[in-house]
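**Student:** These are the residues of each chain, in order.
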Amino acid sequence: MRVVLLGPQRLQPMVAQTVGALNLHGPVATVTAGWQEYEDEDLPLQNHLGGNTINLRLHRRGEEVFRTDPELAAAYRARQERLRQYQGFYRVRLEYALEAAQAISRRQAARDVHEEEWQASIDAVRSLDQMHLARCRQVHADFEERWHPWDRDSIAKHRVELARQVGECTALVIAGGHVAVLLNRLKLFGIGEMVGARPVIAWSAGAMAISERVVLFHDRPPQGPGIAEVLDAGMALCPGVVPLPDPSLRLSLDDRERVSTYARRFAPAACLVMGHGARIVHDGAGWSDPSSIQKMGADGDLEALDASAIMQW
Amino acid sequence: MVTQPVTGQERLAIRRFEESGPLDRAAVDRFLQENRFPLAEGPSVTFVYRGEADAVNLKHWVYALPSLQPLVRIAGTDLWYLVIELPEGSRVEYKFDVVRGGASQLIEDSLNPLRSHDPYGSNSVAHSSGYRAPDWVAKDPNAREGRLEQLALRSVHLGRQTTSHVYIPARFRRTRRYPLLVVHDGSDFLRYSGMKVVLDNLIHRLEIPDLVVVFSDPANRLREYTHCEAHTRFLTEELVPHVNATFPLSDKPAERALMGSSLGAVAALSAAWRSPGYYGRLLLLSGSFAFTDIGRKHRFGPLFDPVVTFMNAFRGRPKVVAERLFVGCGIYEPLIYENRSLVPLLQSIGMDVRYVESRDGHNWENWRDRLREGLSWLFPGPLMLVYE
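Note that the protein sequences, when read in sequence, are chains S and E. Here our numbering is used: position 200 in the first sequence is 200, and no number is missing along the way. Here our numbering is used: position 161 in the second sequence is 161, and no number is missing along the way.
Chain S with its partners taken away, still in its complex shape (with noise of 0.2 Å):
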């Protein structure tokens, strides 16, 4: 499969021009489920696309399983919460092991002590990362176990006709938005599994759920320190990366210390900086074309991107 990611496409879309150089003849799938209720509001999108697009629709196809299946919306509710909490409290360690972080980071020390003991720092937040996006799967995990959510005609019904709809598009284009609901209505029906060798373009949120896990990043939000968090696993269509949309408007790039701590946090994942004109494909194979695009350096440096340098696991 091959995936495009592009950064935000606010101000300098993309999307239709990244479509034409797949050479794609026929209608071309969107998720615009990002955008919630207005979900339907993508007509400037449909025509950037040149018109030939189907709209899955599924925040309103999510909202309808909801209301039809009260049974499967409440053991959701519970689900949802159960993550909530699990954040919250997931939050409050980290704030914590990232302060330490900071403090040991500015500690004066011999450069090999101080070496190690920053990086034994990161490790302790690596190991809440780790230990947070097990507990997430482990919540998905019991949770289909116990609901077989596909297998109950409200869900299963849908998922017949998307992959209709899927299977007579050439290429699947996921746009941003509330990248939680995004990821929750692409996981709830399924569309990782109908996409198949299908080309897949997202940008931001899109790019963000379709990575291997989703990180939620601000460095500078009003309500404090900002502490980039793992939200959930993703939905793993391309490997070895982490997805940044946005920089100018959510990362401080010139703060060395906050860079080198992504990079090494998220490593061996490749911290991508994506604003507006980024690309990079991903062949299923390995990484390539890089555009406007930077990483992020263990030593707090921005670097270019070597593509084909990106590690897979």
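There may be inaccurate statements among the hints.
Have a look at the derived ranges for each label pair, beta carbon to beta carbon [stated by the list, open to error]:
hint	chain 1	residue 1	chain 2	residue 2	range
1	E	THR163	S	PRO225	35 to 45 Å
2	E	ARG173	S	GLU116	32 to 42 Å
3	S	HIS140	E	ARG176	17 to 27 Å
4	E	TYR337	S	GLU64	51 to 61 Å
5	S	HIS140	E	THR246	51 to 61 Å
6	E	HIS117	S	PRO225	33 to 43 Å
7	E	ILE107	S	ASP301	56 to 66 Å
8	S	ALA73	E	ARG115	16 to 26 Å
9	E	ARG173	S	ASN23	53 to 63 Å
10	S	ALA73	E	SER341	43 to 53 Å
11	S	ILE54	E	THR246	38 to 48 Å
I should point out that these hints are in silico values taken from the structure, not numbers from a laboratory. All C-beta atoms in this analysis are idealised placements derived from N, C-alpha and C, irrespective of residue type, glycine included.
Add chain E to chain S, keeping to what the hints say.
**Tutor:** Here is chain E on its own, set in the frame of chain S:
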């Protein structure tokens, strides 16, 4: 206001003017045209008044500085001035006290267009270097506007008809459940802190979630906001249940907040104290948290006796009143000691407190300027979740 960096060696504009040759009427005119006042130069702020008078004083509301400071007349002119040092990022409200023929009159600064307003009128406003009004307080044409609805509710506990305004966010949907914020002195927050525009902007920026806000007004705040049981029962047993029945609100305490400034902050704290587990969030600005360490004698006057009684009881046996609080206070206001003292007490019993001090006084624009960090602390918006 013009702000210019000034090194220790550089001379202030007013000094250069004083030594600039014949100080005739035209020279004064030119000096006033070439500058905007008060003139902020590094840490110095020069206040200027022009006119005939026996004396001119600067009347300001910076606690710890003499509240009346005399301006000096430049010989041979009708120009008066005063230079004071204001730390970077300061915002000060002031008037001129102009004395003529033994009578004094408080007037606004005609050379300064900046005004702030409050229930008692308006003041001129001086900014030192480094203060800039936040960009989120001005109307953003891209932000969709919520709407305000009037709410009239008969209160048995208060024995009167109450009036409030309810803010409903632009993207309101009956199918969602919203957090609730109840604001004391609601109409004043709307009028003098521009809080509706602030809500529209912060929601648009995803810095706070869509929420329902009740702007509640007192009839007699000196009674209702001074640890008054009837007020708490009105909030908890009448107002919030009524709003809850009218709008789709979350039933979680973490999504139910009280907010107030000055005595309104006392009312919010008191109501949360009397309603344990009901309000999960408090936003307390420049609270009039009067207390005594020993005895009952205090400096606030008899109207504050119930407040002192409450605060002394709270300080003696503190208990968790909410899960998360934002406490803000201006360091130029007399209540800074009370607010600073409260914060470690709140933290010591496990409440999640964010405390912010500002170089400002006891006024509505100070409270306006704290709304972004305060509201987003209580109710973080979906900023971390939305990537367009």
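**Student:** A separate judgement is required for each hint: does it hold in the structure or not?
**Tutor:** Hint-by-hint comparison with the structure:
Hint check: THR163 (chain E) to PRO225 (chain S), Cβ distance near 40 Å, so the stated range 35 to 45 Å holds. Between ARG173 (chain E) and GLU116 (chain S) the CB atoms are about 53 Å apart, so this pair departs from the stated range of 32 to 42 Å. The hint said 17 to 27 Å for the Cβ distance between HIS140 (chain S) and ARG176 (chain E), and at roughly 24 Å that hint holds. The given range of 51 to 61 Å is respected by TYR337 (chain E) and GLU64 (chain S), whose C-beta atoms sit roughly 58 Å from each other.
Between HIS140 (chain S) and THR246 (chain E) the CB atoms are about 37 Å apart, so this pair departs from the stated range of 51 to 61 Å. Checked against the hint of 33 to 43 Å, the pair HIS117 (chain E) and PRO225 (chain S) passes, with Cβ atoms roughly 35 Å apart. ILE107 (chain E) and ASP301 (chain S) have their C-beta atoms about 58 Å apart, which keeps the hinted 56 to 66 Å range intact. Here the CB-CB span from ALA73 (chain S) to ARG115 (chain E) is close to 53 Å, at odds with the stated 16 to 26 Å.
Range check, ARG173 (chain E) to ASN23 (chain S): Cβ separation about 42 Å, and the 53 to 63 Å hint is violated. Taking the beta carbon of each, ALA73 (chain S) and SER341 (chain E) are about 49 Å apart, inside 43 to 53 Å as hinted. With their beta carbons about 40 Å apart, ILE54 (chain S) and THR246 (chain E) fall inside the hinted range of 38 to 48 Å.
The structure shown violates the earlier hints numbered 2, 5, 8 and 9.
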